[in-house]
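Peer 1: In case you want the letters, here they are:
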Amino acid sequence: MGIKMNYIPKLRLITIVLSIFIIQYTYAADDQCLSCHQGLDDKPSKLFIEDVHYKAGLSCSSCHGGNSNSDDMDLAMSKSNGFIGVPVSNSISEMCSKCHSDFDYMKKYNSNIHTNQFVKLKESVHGKLAVNGKGMMLQCITCHNAHGIKKANDPKSPVYPTNVPQTCNKCHGNATFMQSYNPAISVDQLTKYRTSVHGVLNSKGNIKVAECASCHGSHDIFSAKDVRSKVYKLNIPGTCSNCHSDKNYMKDFDIPTDQFAKYQNSVHGKAVFEKQDLSAPVCNDCHGNHGATPPGIESISKVCGSCHALNAELFSASPHKKAFDEKKYPECETCHGNHEILIAKDQLLGVDKGAICLKCHSENENQKGYLIAKEMKKLTDSLIVSDSIAKNMVFQAEQKGMDVEELKYKLREIHQARLEGRTIVHSFDEAKFKEVTTKGFKTSDTIITEAKAAVDEFYFRRYGLGVAVAVITFLIVMLFLYIKKIEKPKSL
Amino acid sequence: MEKKLKQIYEWVDNRVQLADLVKFMSKKYVPVHSRSIWYYFGGVSLFFFIIQVVTGILLLFYYKGSSDLAYESIRFTMSKVQFGWLIRSIHSWSANLFILSVFIHMFSVYFEKSYRNPREMTWVTGVIMFVLSLAFGFSGYLLPWNELAYFATKVGTDIVGAVPVVGDPLKYFLRGGDDVTGATLSRFFGFHVALFPGIFTFLLIVHLLLVQRQGMSEPMHLKNTAKEEKKTMPFFPNFMLRDLLLWLVVLNILAILAVFFPAELGLKADPLASAPAGIQPEWYFLFMFQTLKFLPAHVFFVEGEVLGVLLFGLAGVLWLLVPVWDRKSAKGQQNRLINYIGIFSVMFIIILTIIGWVLK
Chain F
1 MGIKMNYIPK LRLITIVLSI FIIQYTYAAD DQCLSCHQGL DDKPSKLFIE
51 DVHYKAGLSC SSCHGGNSNS DDMDLAMSKS NGFIGVPVSN SISEMCSKCH
101 SDFDYMKKYN SNIHTNQFVK LKESVHGKLA VNGKGMMLQC ITCHNAHGIK
151 KANDPKSPVY PTNVPQTCNK CHGNATFMQS YNPAISVDQL TKYRTSVHGV
201 LNSKGNIKVA ECASCHGSHD IFSAKDVRSK VYKLNIPGTC SNCHSDKNYM
251 KDFDIPTDQF AKYQNSVHGK AVFEKQDLSA PVCNDCHGNH GATPPGIESI
301 SKVCGSCHAL NAELFSASPH KKAFDEKKYP ECETCHGNHE ILIAKDQLLG
351 VDKGAICLKC HSENENQKGY LIAKEMKKLT DSLIVSDSIA KNMVFQAEQK
401 GMDVEELKYK LREIHQARLE GRTIVHSFDE AKFKEVTTKG FKTSDTIITE
451 AKAAVDEFYF RRYGLGVAVA VITFLIVMLF LYIKKIEKPK SL
Chain S
493 MEKKLKQIYE WVDNRVQLAD LVKFMSKKYV PVHSRSIWYY FGGVSLFFFI
543 IQVVTGILLL FYYKGSSDLA YESIRFTMSK VQFGWLIRSI HSWSANLFIL
593 SVFIHMFSVY FEKSYRNPRE MTWVTGVIMF VLSLAFGFSG YLLPWNELAY
643 FATKVGTDIV GAVPVVGDPL KYFLRGGDDV TGATLSRFFG FHVALFPGIF
693 TFLLIVHLLL VQRQGMSEPM HLKNTAKEEK KTMPFFPNFM LRDLLLWLVV
743 LNILAILAVF FPAELGLKAD PLASAPAGIQ PEWYFLFMFQ TLKFLPAHVF
793 FVEGEVLGVL LFGLAGVLWL LVPVWDRKSA KGQQNRLINY IGIFSVMFII
843 ILTIIGWVLK
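From first to last, the protein sequence lines stand for chains F and S.
Taking the working numbering, the leading residue of the first sequence gets 1, the next gets one more, and so forth.
Taking the working numbering, the leading residue of the second sequence gets 493, the next gets one more, and so forth.
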């Protein structure tokens, strides 16, 4: 009796499974549309039996309407039975969304698919009106196929990570097609992608590396100029860090995961996150986007030089270029770092504590560079002092109520000389550096002289007033006495 | 030296008969009494007007009356032209003191009832010159084309627009368009340096001729005093020398103010910028501005601002015509109502100006 009792749950399970199988088989067998079309040997019916929806028990009529139980073609495909034939344009996606936007319905299939895909698609750049003016430029079946739809984690699915680049490329690699929508977008993105680290690994079957949807999104793709886009300039660091800062996710790859943290602290990161500066570089400005690759030792100055053009040019013509190449030093990065590039302060220059030059130069080793760095720092410090004196003199004149607007404007020229000095320092040429600082010194001398003249003018006005008041008062007294004199009663 | 001067005098005298003028002036006597001090404010006002003309002409040498260059030309005058800062500061301070002096002069004449027969024309020309002085101030204030001036003019011309019927066309005429622009600056410049000085000079000549022709008005309480008991002083040289003495004192004050508190220029007007906080007109318009601010949005069915403008307009007309409706004073009788109205007006102007200044 005890043994029998143990068997009962197993029997029940077997009965349930068999029942489901039989019901499903019967149901499918009852799909007269499919059996008829299979007889015709057409492609949709061949694909449909592999379709995830077919396996879930849906029939042709679920999308095309009609009565799939009737073997009478006229009855099965009559309008009175709701037959709609082949849905076109937006009615395709609307048909999909009937189920896929219905949370309760999808729950029946234990689905974890989001039910807002259609809403997202309509809002996305792909949801805009197609050039034919009949509906959205992209429907669900454009990416997912129509009759042979597979789960996204099925390697045969067009939206499986390794297939996504090719799927997107169907349109994005077609120059004629893309010209109708956005001729500005290049159509060689897939080719570039295949040269990138991501693309190479993806083609080898690695599904963790970034493909199109990883960065651009899937249903919610926006133009890169749209602030909602994952690849909008200010959103890029966050998008890249989704994977690159995830230690667990990145454990298979031998690269650090602190780039985002470092970048946030850098001068570029602060410009992006604190000032919302769209001209500051984000990840793809140095690493590329579709052809994402870390810059090599020789290319760093070119990458940095795409913005800091003059600095890169000066560096390339400087004696450091050859020395760095020989020692395989990564050019700009050697002094400035990479992800955590801090503001290049004057303290980086020279031979004092904290100066970057001391890394390679000392009084005994590479002495020439040591002396040049020392002299450049001396000039820089002098210019800072001159700037400060000039500002102080202008402030004094302003405090006395003198008009110093022009001098204030000239003060910018000293600041400009200091900025130019920071650039010309990359030539590591003392004479060129001196030429720039001399401009600053001359301007500061002019400002100091003019500010002093303004202060002198202030005192001249005060003394001038004193003299004028004295003269006028003297005249007043004399006039007063004269009036007294002429009005004095004449003695008899 | 004395001989040389005498020769020059005789040379001129032979041609324009100066002796007749000197004879006329030396025969002219000014009454001396406890209120004689008020006589001097007419002369002080004249002195300020002369300073305005002289400094104004000097400023014209460098001023450029266009919205692109006005501000820069004044900055240039103040920073590059020798004593340019002084000339502008004196012009600015003298303008304010001129209006103050005109206020005092006008109220002293009012309280003394000196407008009564036969000096009605002197009063009318004087009141018109007072209004012109305010117009001088209003038009000159915009000329530096700075932020404060720009928005004050905007507010000021908006108030003009509140006048029923003629307000809008008048505002359009003043602005030279719908808004305060370079066109407004051009016409304000024209008003300030050509139209107003022309009219003012004509009225001033009439005013001075009338004063010389009719002499100084005597206070009413001296009417019954015997001629022998009345004190007088010769207009020339005694009164003129006293006038000159006061002018020198005023010049000293003006110099000190101009050096210690030089006129500021502020920021250049930017029509696209929002108005800075606490925009106010010049002090002499403040009592009117503050009154309009205190008035409710609607009084019965009339807009508060419209009512205020109409009331000020009516008060101005009554003020101008005081010699007409003050019949008692004309007959030599005491008219206390005139004193009460005068005291109310002075108190009203002072209190509202202080409130406007404090609530800035």
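Keep in mind that the hints are not guaranteed to be accurate.
What the hints assert, rightly or not - DSSO-like mimics (lysine-lysine), calculated; alpha carbons at most 27 Å apart, straight line: (1) F:LYS485 with S:LYS495; (2) S:LYS520 with F:LYS484; (3) S:LYS760 with F:LYS410; (4) F:LYS391 with S:LYS760; (5) F:LYS439 with S:LYS572.
Said to hold, decoys possible - Stretches of chain S that chain F covers, calculated by requiring three or more beta carbons in the stretch to come under 8 Å of a beta carbon on chain F: (6) 559 to 571; (7) 688 to 694; (8) 735 to 741.
Unchecked claim - What follows is a list of derived Cβ distance ranges for each label pair: (9) F:GLY464 with S:ARG527: 33 to 41 Å; (10) F:GLY464 with S:VAL809: 46 to 54 Å; (11) F:TYR463 with S:VAL816: 53 to 61 Å; (12) S:TRP849 with F:SER223: 54 to 62 Å; (13) F:LEU475 with S:VAL657: 27 to 35 Å; (14) F:PHE273 with S:ILE842: 56 to 64 Å; (15) S:TYR554 with F:PHE273: 36 to 44 Å.
Just so you know, these hints were derived from the structure itself, not from any lab.
Here a beta-carbon is modelled for each residue, glycine too, at the ideal position from N, C-alpha and C.
Peer 1: Decide, hint by hint, whether the structure agrees.
Peer 2: The hints, checked one at a time:
In summary, the hint linking F:LYS485 to S:LYS495 is supported, as the alpha carbons are separated by about 23 Å, within the 27 Å threshold. For the hint pairing S:LYS520 with F:LYS484, the CA-to-CA distance comes to about 20 Å; that is within 27 Å, so the pair holds. Of the pairs offered as hints, the one joining S:LYS760 and F:LYS410 holds, with about 19 Å between alpha carbons and a cut-off of 27 Å not exceeded. Restraint check for F:LYS391 and S:LYS760: the C-alpha separation of about 24 Å stays at or below 27 Å, so the hint holds.
Restraint check: the Cα-Cα separation between F:LYS439 and S:LYS572 comes to about 25 Å, which is no more than 27 Å; the hinted pair holds. Beta-carbon proximity to chain F at under 8 Å applies to 3 residues in the region 559 to 571 of chain S; the threshold of 3 is reached and the given coverage holds. Beta-carbon proximity to chain F at under 8 Å applies to 0 residues in the region 688 to 694 of chain S; the threshold of 3 is not reached and the given coverage is violated. Residue count for the region 735 to 741 of chain S with a Cβ under 8 Å from a Cβ of chain F: 4. That meets the three needed, and the coverage hint holds.
Hint check: F:GLY464 to S:ARG527, Cβ distance near 38 Å, so the stated range 33 to 41 Å holds. The given range of 46 to 54 Å is respected by F:GLY464 and S:VAL809, whose C-beta atoms sit roughly 48 Å from each other. The hinted window of 53 to 61 Å between F:TYR463 and S:VAL816 holds, with their beta carbons roughly 55 Å apart. Between S:TRP849 and F:SER223 the beta carbon distance is about 57 Å. The supplied range of 54 to 62 Å therefore holds.
Range check, F:LEU475 to S:VAL657: Cβ separation about 54 Å, and the 27 to 35 Å hint is violated. One distance hint, 56 to 64 Å for the beta-carbon pair F:PHE273 and S:ILE842, holds here, with the actual separation near 58 Å. Our hint of 36 to 44 Å for S:TYR554 and F:PHE273 is violated, since their Cβ atoms are close to 51 Å apart.
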